[in-house]
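Start from the sequences and build out the full structure, keeping to the hints where you can.
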Amino acid sequence: AQSVTQLGSHVSVSEGALVLLRCNYSSSVPPYLFWYVQYPNQGLQLLLKYTTGATLVKGINGFEAEFKKSETSFHLTKPSAHMSDAAEYFCAVSAPSGYSTLTFGKGTMLLVSP
Amino acid sequence: KAGVTQTPRYLIKTRGQQVTLSCSPISGHRSVSWYQQTPGQGLQFLFEYFSETQRNKGNFPGRFSGRQFSNSRSEMNVSTLELGDSALYLCASSPEPQTRNYGYTFGSGTRLTVV
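Residue numbers (the working numbering), protein chains in the order written: chain A, 116 to 229; chain B, 397 to 511.
Just so you know, these hints were derived from the structure itself, not from any lab.
One should not assume that every hint holds.
As the list claims (entries may be wrong) - Computed Cβ-Cβ distance ranges for the label pairs, DEER-style: (1) A:SER118 <-> B:PRO491: 32 to 38 Å; (2) B:ARG405 <-> A:SER185: 41 to 47 Å; (3) B:PRO435 <-> A:ALA169: 33 to 39 Å; (4) A:ASN176 <-> B:THR410: 39 to 45 Å; (5) A:GLY168 <-> B:THR416: 39 to 45 Å; (6) A:GLY131 <-> B:SER447: 45 to 51 Å; (7) B:VAL511 <-> A:SER124: 26 to 32 Å; (8) A:GLU186 <-> B:ILE408: 44 to 50 Å; (9) A:THR170 <-> B:GLY438: 24 to 30 Å; (10) A:SER129 <-> B:THR449: 48 to 54 Å.
Said to hold, decoys possible - In the DSSO-like style, the derived pairs of lysine-lysine whose C-alpha atoms are separated by at most 30 Å in a straight line are: (11) B:LYS409 <-> A:LYS221; (12) A:LYS164 <-> A:LYS183; (13) A:LYS183 <-> A:LYS173; (14) A:LYS184 <-> A:LYS221; (15) A:LYS173 <-> A:LYS184; (16) A:LYS164 <-> B:LYS453; (17) A:LYS184 <-> B:LYS409; (18) B:LYS453 <-> A:LYS221; (19) A:LYS173 <-> A:LYS221; (20) A:LYS184 <-> A:LYS164; (21) A:LYS183 <-> A:LYS221; (22) B:LYS409 <-> B:LYS453.
Just so you know, even glycine gets a beta-carbon here, dropped at the ideal spot from N, CA and C.
Structure below.
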């Protein structure tokens, strides 16, 4: 079974500052990893994913994440925050085969101040 | 290409009633999953359907059920509603359950309020 831990239910940054959202996973096999974003009253939108290959993954809206197997981490970063980045972010994990589902972390609300 | 469509967007029901939510996946997607989202519990997996068969089920009581039709559209039903069932219900589609590298495409959800 897989599980995901997102450190910090809320993260506050100033516009233009670095965004760092933390995600650690637990899995018995190398998993597939995802980051989703949710804006108010909307569904989840896929930001980026890691399946195999390059461990640094680039996604939409300038976000990227690095898979570090030794640290069982998949932290999400963006060099410069924009007001429009304010939303809730979810890290998710899935086993790479079989009928495994997506298991989500509790989410991190990103607050961006002017 | 149309996205995942969930209807209705908002629903208010009385405790004890039953409710049916609908989800139309992206054209060509044959796998549909349902999630319940609440502030306290976060996103919890309900069930996944593929080819009209339930392939996986989360840890929810039997009051929660679902089905999938031959055109891949899916419905979920909650009977004997409780106040704690108030949540955002999200539907997600993917080409096939085994296509883990695809990720899911989510709909905008149905906001259910039980009073």
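Hints versus structure:
1. A:SER118 <-> B:PRO491: 32 to 38 Å: The hinted range 32 to 38 Å is violated for SER118 of chain A and PRO491 of chain B, with Cβ atoms some 26 Å apart.
2. B:ARG405 <-> A:SER185: 41 to 47 Å: holds (44 Å)
3. B:PRO435 <-> A:ALA169: 33 to 39 Å: Holds - the Cβ-Cβ distance for PRO435 of chain B and ALA169 of chain A, about 36 Å, lies within 33 to 39 Å.
4. A:ASN176 <-> B:THR410: 39 to 45 Å: Since ASN176 of chain A and THR410 of chain B have Cβ atoms about 41 Å apart, the given range 39 to 45 Å holds.
5. A:GLY168 <-> B:THR416: 39 to 45 Å: holds (42 Å)
6. A:GLY131 <-> B:SER447: 45 to 51 Å: Holds - the Cβ-Cβ distance for GLY131 of chain A and SER447 of chain B, about 49 Å, lies within 45 to 51 Å.
7. B:VAL511 <-> A:SER124: 26 to 32 Å: holds (28 Å)
8. A:GLU186 <-> B:ILE408: 44 to 50 Å: The hinted range 44 to 50 Å holds for GLU186 of chain A and ILE408 of chain B, with Cβ atoms some 46 Å apart.
9. A:THR170 <-> B:GLY438: 24 to 30 Å: The hint (24 to 30 Å, Cβ to Cβ) holds, given that THR170 of chain A and GLY438 of chain B are roughly 27 Å apart.
10. A:SER129 <-> B:THR449: 48 to 54 Å: holds (50 Å)
11. B:LYS409 <-> A:LYS221: Roughly 27 Å between the alpha carbons, so the hint for LYS409 of chain B and LYS221 of chain A holds.
12. A:LYS164 <-> A:LYS183: The given pair, whose Cα atoms are some 14 Å apart, holds under the 30 Å limit.
13. A:LYS183 <-> A:LYS173: holds (15 Å)
14. A:LYS184 <-> A:LYS221: holds (21 Å)
15. A:LYS173 <-> A:LYS184: holds (17 Å)
16. A:LYS164 <-> B:LYS453: holds (24 Å)
17. A:LYS184 <-> B:LYS409: Judged against 30 Å, a Cα distance of about 46 Å means the pair is violated.
18. B:LYS453 <-> A:LYS221: holds (20 Å)
19. A:LYS173 <-> A:LYS221: OK: LYS173 of chain A and LYS221 of chain A at ~23 Å, within 30 Å.
20. A:LYS184 <-> A:LYS164: Satisfied, since the Cα-Cα distance of roughly 15 Å is no more than 30 Å.
21. A:LYS183 <-> A:LYS221: holds (20 Å)
22. B:LYS409 <-> B:LYS453: It holds: about 25 Å lies between the C-alpha atoms, which stays within 30 Å.
Hint compliance for this structure: hints 1, 17 are broken, all remaining hints hold.
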